[in-house]
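**Q** Read off the chains here:
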Amino acid sequence: MIRQILTFTLLFLFLIALQVLVLNNIQLGGYLNPYLYVLFVLLLPFDTPKWLLLIVAFALGFGVDLFSSTMGMHTMAIVFMAFLRPGVLKLIAPRDGYDASQKPGLQDFDFRWFLTYASILTFAHHFLLFFIEVFRFSDFFFTFSKVITSSGFTILLLLVSQLFNYNAQAKR
Amino acid sequence: MRNLLGFLSRNSFFLFFLFLEGVAALLLFQNNRFQRSEFLNSSNAASGSFYQLVNNATMYFDLAEINEQLAAENADLRRQLTGSKIEIFGKNFIINDTVYQQAYNFTEATVINSTVSKANNYITLNKGSFAGVEAGMGVIGPQGIIGIVKTVSTRFSSVMTVLHTQSKVSAKLKDQRYLGSLVWDGKDYQYGQLIDIPKNANVMLGDTVISSGYSSIFPTGINLATVTSIEKPEGKNFYDITVKLINDFKKIEKVYVVKNVLREEQDKLEAEAQEGDNND
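Chains as they are written, first to last, in the numbering used here: chain A, 1 to 172; chain B, 1 to 280.
Same shape as in the complex, but just chain A (with noise of 0.2 Å):
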C-alpha cells in the first residue's frame, strides 16, 4: 500500500514535468498537442474510491494549469475525464468483473480492452479541454480536427508508454 502511494506521487511529479516541460512544447503542424498527462488517472487502481479519484484529477489539473497558465482549463477537463471513468469500466467490463489486484494497463489486459477504454477517455478530456481554450462553437470542424489529431497523437504515446511497462513486467 506505503508502496503504491510512492509509486504513484512520482509517478504524478514525472507526469506533471513532463508534461510542462516537454510535451507542451511539441505542435507539428499547429495541430498536434499531446496531453500524456491523462495517463495518470487511466493507471489508477480499480479499487481507487470515487471521491478520491476526484480529488487527485483535480490535483494534477491544477498542477498542469499553475505551469501553463491556464488556470482551470486542465482542471476542467481532467476531472470530467475521472468522472467518467467508473462509467466507462463498468460500460466495457468482461464478462466476470474485475480483480482487485489487477491493473488497468496492457500486462493485465488485451490490446482492444485498452485501446477503447484509453480511447473514449482521452477524447472526452481532449474534447472540452479543446473546446473551453477557444471557448466559441464558431470554427467547430477546425477546433474539433485538433481535438481528433490530438487525441490520435495522445493515445499513440500512451501505448507506448505501456510498452515501456509491459517491457518490465516481462523481465521479472
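Where hints are given, some of them may not hold.
Said to hold, decoys possible - The calculated label-pair distances, taken between Cβ atoms and stated as ranges, are:
id, chain 1, residue 1, chain 2, residue 2, range
1, A, Ser-101, B, Gly-22, 32 to 40 Å
2, B, Leu-77, A, Leu-21, 34 to 42 Å
3, B, Gly-22, A, Asn-25, 29 to 37 Å
4, A, Leu-89, B, Gly-22, 18 to 26 Å
5, B, Gly-136, A, Phe-135, 18 to 26 Å
6, B, Tyr-191, A, Gln-102, 44 to 52 Å
7, A, Ser-101, B, Tyr-191, 51 to 59 Å
8, A, Met-1, B, Thr-107, 54 to 62 Å
In case anyone wonders, no lab produced these hints; they're calculated from the structure. A virtual CB, placed ideally from N, CA and C, is assigned to each residue, including glycine.
Starting from the structure of chain A, add chain B where the hints point.
**A** Quick look at chain B alone, frame taken from chain A:
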C-alpha cells in the same frame, strides 16, 4: 428532509464532481475575464523563477541564432552612428536640437516562456515593474511588433502577443494612407489578417504592412507583415487580406519594451475631448 439526505447520499459522487468543476470554472473565469493573473499565472514569482531557471539552461541551444540576429541589429545601428557618416559641411556646424524630442524609450528584455499553438498566446518577459515596465506598454522584437504588456509583477511581465484572438494592432500599408487593423484568426501562427482596408486602395502581393502609430503604443513605421493573398469579397466594402507575419513567434528571444513618453499627455487630451462630447 430524509428524502433530501437520501438524494444527497445517492448522488454524492455526481455532486462532488459538480463541486470540483465549479471550483475549476471559477478559476477559469476569474483568470480569463479579469486577467488578474499576478497570483496564479506564469508571471507570479514562483513559476516565473522556475521558468527563468529552465530558460537559463535552454537558452544555450539558440545562442548561435541570437548572436546572428544581434549582430545584424548591431550592424544596422552602427550604420546610424555619426562615426560612420561623413560630414557634408566640414567641421563648422552646431547641433542645437530643438526640433526633435525623445518620444519613445526602449527597455531590453528576454523572453522566458512563450506559446504559439493556443488560441490565445502569451509570452513572459524577465523584466517587471522594477525595470519600469507597466501594463499597456508595447513590445517589439528585432523584427516587428510582438504584442502588448498585459500584467506586471515586480520581476516579470506577461505579454498578450499579436497571436491572440482579441489582439488588434492599428496598421497600414506602406506608402498608402488607408488605415486598417492587423488581427489573428487563431489558426496558423505565421499568418495574420489585415482588415478594414477599403476596396479603392491599391493593394499588391508582397506589399509591406507597417504600424500606423495612431494607437500611441507603438512608434510609427515598424514593419509588421507582408501581403500574401488578396480577396475582394462580393457585397463588402473591404478587402480580405492575408499577411505573413515578419516575426517568427517560435524563435523570439530578445525583445524591447516600448514606453511612449508622451502617451499620458495624448490620452489625457483625447479623454478630455470626449468628455466634452458627453456634456453637450
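**Q** None of the hints should be skipped; say for each whether it holds.
**A** Checked hints:
no.	hint	result
1	Ser-101/A with Gly-22/B: 32 to 40 Å	36 Å, holds
2	Leu-77/B with Leu-21/A: 34 to 42 Å	36 Å, holds
3	Gly-22/B with Asn-25/A: 29 to 37 Å	32 Å, holds
4	Leu-89/A with Gly-22/B: 18 to 26 Å	25 Å, holds
5	Gly-136/B with Phe-135/A: 18 to 26 Å	24 Å, holds
6	Tyr-191/B with Gln-102/A: 44 to 52 Å	50 Å, holds
7	Ser-101/A with Tyr-191/B: 51 to 59 Å	55 Å, holds
8	Met-1/A with Thr-107/B: 54 to 62 Å	55 Å, holds
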